[in-house]
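**Q** Chains as they are written, first to last, in the working numbering: chain F, 1 to 186; chain Y, 1001 to 1198.
It should be emphasised that the hints constitute simulated quantities derived from the structure, not laboratory data.
Don't take every hint at face value.
Mimicking DSS-like on lysine-lysine, the simulated pairs with C-alpha atoms at most 27 Å apart in a straight line are [to be verified]: (1) Y:LYS1167 / Y:LYS1181; (2) Y:LYS1139 / F:LYS109; (3) Y:LYS1139 / Y:LYS1081; (4) F:LYS38 / Y:LYS1168; (5) F:LYS46 / F:LYS183; (6) F:LYS46 / Y:LYS1168; (7) Y:LYS1181 / Y:LYS1168; (8) F:LYS38 / F:LYS109; (9) Y:LYS1167 / F:LYS46; (10) F:LYS109 / F:LYS183; (11) Y:LYS1181 / F:LYS38.
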Amino acid sequence: MTSSTSPRRRLAVALVPMALFVALVALLVFGLGNDPRKVPSPLVGKPVPEFRLPELTDPSRSVTDEDLRGRISLVNVWASWCNSCRAEHQALMALSESPDFQIVGLNWKDDAGDANRVLRMTGNPYDMNGYDPDNTVGIHWGVYGAPETFVVDHNGIIRHKHIGPIDRTVWEETLQPLIAQLKAEQ
Amino acid sequence: MPSPTHPIRSRGPSGVPARPTIRPAASRLSHRFAFRPPFWLRHALLALLLLGGIAAQAYTLEEFTFDSPEQQAEFRELIGKLRCLVCQNESLAGSQAELAQDLRNEVYRMMRAGQTQDEILDFLIARYGDFVLYEPPLKPSTYVLWFGPFVLIGIGAVFMVRALLRKKATPESDITDAERKRLQELLAADGGNTEKSS
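Put together the whole structure using the sequences plus the hints.
**A** What follows is the structure in structure tokens.
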């Protein structure tokens, strides 16, 4: 029966299941490293949604999508009830000193009193803050948790969405190179 | 008067038990939090917390009113198709998360404004991505997901059929012509018996 098939061919056939198994393991290892909570945003590459919100610290002013044009912006979704936001607050304070971009807050599902208290007590890294207690604008940005940070280029196009707090690693490996690239595009 | 010493408990030189070297956790805690609320305050706070639990209400479909039972059924169907992104294994229909409530309100508002199911789904997909749908849509990037299992079954079937056919075909080539002739002779000599027994 097997006299017709050469040993080389038999070896090749025997290696096929092995190769399939290795491929499957590779796929599963890749899956393990993937966080299912980080849902890719379909908004990347699209212009920022139109919006108009009262400014958190000064409700007589308003924050609109127009404020996100002409400069590189980090749009940071945060709330006073959000622990991870507190964790990234120091990072934002350090980043707020950079002249390359503005930091625009989206104060999400929060209470203005609580939010302003947090800014008074721990410092305010934001150039402006849209106050969105009822998630009317958040839905249009596809926000499903806090903190989330969008990188918006000077044309008002969303270029990246980061889910979770910004820390040194995120800044150095993802955001900083991207902002340098956007600056070069300007 | 010599007292019997316990073999495990060590004693200090003067006979008193040695002080434990590790301070109990309680005393360390009270060091850090200098203020310990009085008995009545602690219990009042606990009662307040428990009352809060009662006050936090679960959502029901009753808070949404509809013109007709069909409209209500459509709403139910729609929020059953959508995933709550906070608690990813729940649909909008089943989730008590705050975000799910926001999205339910938005779906309800859009439905009341006369938008079709497809328009509402497209609105949410444009903002939250395909992941907001419980059932992944059929498109080139999901072909593997939809057809992969059938392709694998097909490949398995091909291998199985080939293996079965080969097994059937082999015995004939295993004996030489001389052997076959001898076999037939033997069978012929014994022929009467086998026919009767079968």
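**Q** Now, for every hint given, state plainly whether the structure supports it.
**A** Evaluation of the provided hints:
1. A distance of roughly 23 Å separates the Cα atoms of Y:LYS1167 and Y:LYS1181; the hinted pair therefore holds under the 27 Å criterion.
2. Restraint check: the Cα-Cα separation between Y:LYS1139 and F:LYS109 comes to about 35 Å, which exceeds 27 Å; the hinted pair is violated.
3. With a C-alpha separation of about 18 Å, the suggested pair Y:LYS1139 and Y:LYS1081 falls inside the 27 Å cut-off, and the hint holds.
4. Of the pairs offered as hints, the one joining F:LYS38 and Y:LYS1168 is violated, with about 53 Å between alpha carbons and a cut-off of 27 Å exceeded.
5. For the hint pairing F:LYS46 with F:LYS183, the CA-to-CA distance comes to about 18 Å; that is within 27 Å, so the pair holds.
6. Taking the CA atoms of F:LYS46 and Y:LYS1168, the gap is near 62 Å; set against the 27 Å cutoff, the hint is violated.
7. A hinted pair counts as satisfied when its Cα atoms are at most 27 Å apart, and Y:LYS1181 with Y:LYS1168 qualifies at roughly 21 Å.
8. Between F:LYS38 and F:LYS109 the alpha-carbon distance is near 20 Å, which keeps this suggested pair within the 27 Å criterion.
9. Under the criterion of a C-alpha separation no larger than 27 Å, the hint pairing Y:LYS1167 with F:LYS46 is inconsistent with the structure, at around 60 Å.
10. The straight-line distance between the Cα atoms of F:LYS109 and F:LYS183 is roughly 32 Å, outside the 27 Å bound, and the hint therefore fails.
11. Note on Y:LYS1181 and F:LYS38: the hinted pairing is violated, with a Cα-Cα distance of about 74 Å set against a maximum of 27 Å.
Violated hints for the displayed structure, listed by number in ascending order: 2, 4, 6, 9, 10, 11.
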